[in-house]
Amino acid sequence: MKSGRISVQVTTEPIPLDVISEWPAPNAHGAMNVFMGLVRDLNLGKEVIAIEYDCFVPLCEKTFQIIAQEAQEKWGLDSDILIIHRHGHIKVGEPSVLVLATSKHRDESYRITRYVIEEIKVRAPIWKKEFYKDGETNWVRGHALCQHRKVDHHETRGSHTCGGQVHTHGPR
Amino acid sequence: MKQVEVRLFGAFRRYIPDGRIQITLDEPCSIPVFKTALFSQLQKLNPEFSDLNLVLESALADENIILTEPSVIDATRQLALLPPVCGG
Chain A
1 MKSGRISVQV TTEPIPLDVI SEWPAPNAHG AMNVFMGLVR DLNLGKEVIA IEYDCFVPLC
61 EKTFQIIAQE AQEKWGLDSD ILIIHRHGHI KVGEPSVLVL ATSKHRDESY RITRYVIEEI
121 KVRAPIWKKE FYKDGETNWV RGHALCQHRK VDHHETRGSH TCGGQVHTHG PR
Chain B
1 MKQVEVRLFG AFRRYIPDGR IQITLDEPCS IPVFKTALFS QLQKLNPEFS DLNLVLESAL
61 ADENIILTEP SVIDATRQLA LLPPVCGG
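Chains as they are written, first to last, in the working numbering: chain A, 1 to 172; chain B, 1 to 88.
Keep in mind that the hints were calculated from the coordinates and are not lab data.
As the structure is a prediction and not an experimental result, all values here were calculated from the model.
Be aware that a few hints might be false.
[Claimed, not checked] Think about it this way: if two alpha-carbon atoms lie no more than 30 Å apart in a straight line, the pair counts; the simulated DSBU-like pairs of lysine-lysine are:
| no. | chain 1 | residue 1 | chain 2 | residue 2 |
| --- | --- | --- | --- | --- |
| 1 | A | 121 | A | 74 |
| 2 | B | 44 | B | 2 |
| 3 | A | 62 | B | 44 |
| 4 | A | 62 | B | 2 |
| 5 | A | 46 | A | 104 |
| 6 | A | 121 | A | 91 |
| 7 | A | 91 | A | 104 |
| 8 | B | 2 | A | 121 |
| 9 | A | 2 | A | 133 |
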């Protein structure tokens, strides 16, 4: 069996959506699933106008690679996985992350994209600063890497959020 | 005495905008001891910084791995202090 392709990238450029239609899925793959995160205009009751991602790029890309390998080991070593995450300033409505998986059957590709995005949220060294309409900014306080443990996504579905305590800054 | 450079990310940039600090090490030390030195240095460089929990909740890493106890911190490493993450 041929090993699946893994491609990971952190970029300051807009995520090129043509990678979806141009992804060279093998003929043996009958399913492609795509998850795309978008910048939302509201968090904790505050109107968001933009966000800025900070990222420790070398470790982040290694973490993406490890997460993708784990997903292949769970749901198919021949599956293809693409991960692209934005870095820097992004406006509301723009894509922040793209996870693409192709596999022989649809179930594996759904599971892979779900696993990858949930693990990214708790393991990838990425930080989010929100810019609000009232001029304030917040560094969103998320998941502590030094306390990370593997989770069962069937039991914790939807439980990984970036809400909670934040650092409030004055208007810029 | 040797200097260890530590890169800072996320919420730490509010206090140290260029995202780099130097920690002086007399001898190799544990992660908790190093975090105490980091907190002191952060306060010294920016007296507004008082968030000890942010330091304690942060992980130490290099470009390849997140360090776990009982790792020893010495002056041969270039490190990063990683506050709680929020990607995706």
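Outcome of the hint check:
Restraint check: the Cα-Cα separation between residue 121 of chain A and residue 74 of chain A comes to about 19 Å, which is no more than 30 Å; the hinted pair holds. Between residue 44 of chain B and residue 2 of chain B the CA atoms are separated by roughly 18 Å; this keeps the pair inside 30 Å, and the hint holds. With a C-alpha separation of about 33 Å, the suggested pair residue 62 of chain A and residue 44 of chain B falls outside the 30 Å cut-off, and the hint is violated. For a cut-off of 30 Å, the pair hint linking residue 62 of chain A to residue 2 of chain B stands: about 29 Å separates their Cα positions.
The straight-line distance between the Cα atoms of residue 46 of chain A and residue 104 of chain A is roughly 43 Å, outside the 30 Å bound, and the hint therefore fails. Pair hint residue 121 of chain A plus residue 91 of chain A holds up; C-alpha atoms about 20 Å apart against a cutoff of 30 Å. Only pairs whose Cα atoms come within 30 Å are accepted, and residue 91 of chain A paired with residue 104 of chain A is rejected, the gap being roughly 36 Å. At most 30 Å may separate the alpha-carbon atoms for a hinted pair to count; residue 2 of chain B and residue 121 of chain A exceed this at roughly 36 Å.
Proposed proximity of residue 2 of chain A and residue 133 of chain A is contradicted: the alpha carbons are some 50 Å apart, above 30 Å.
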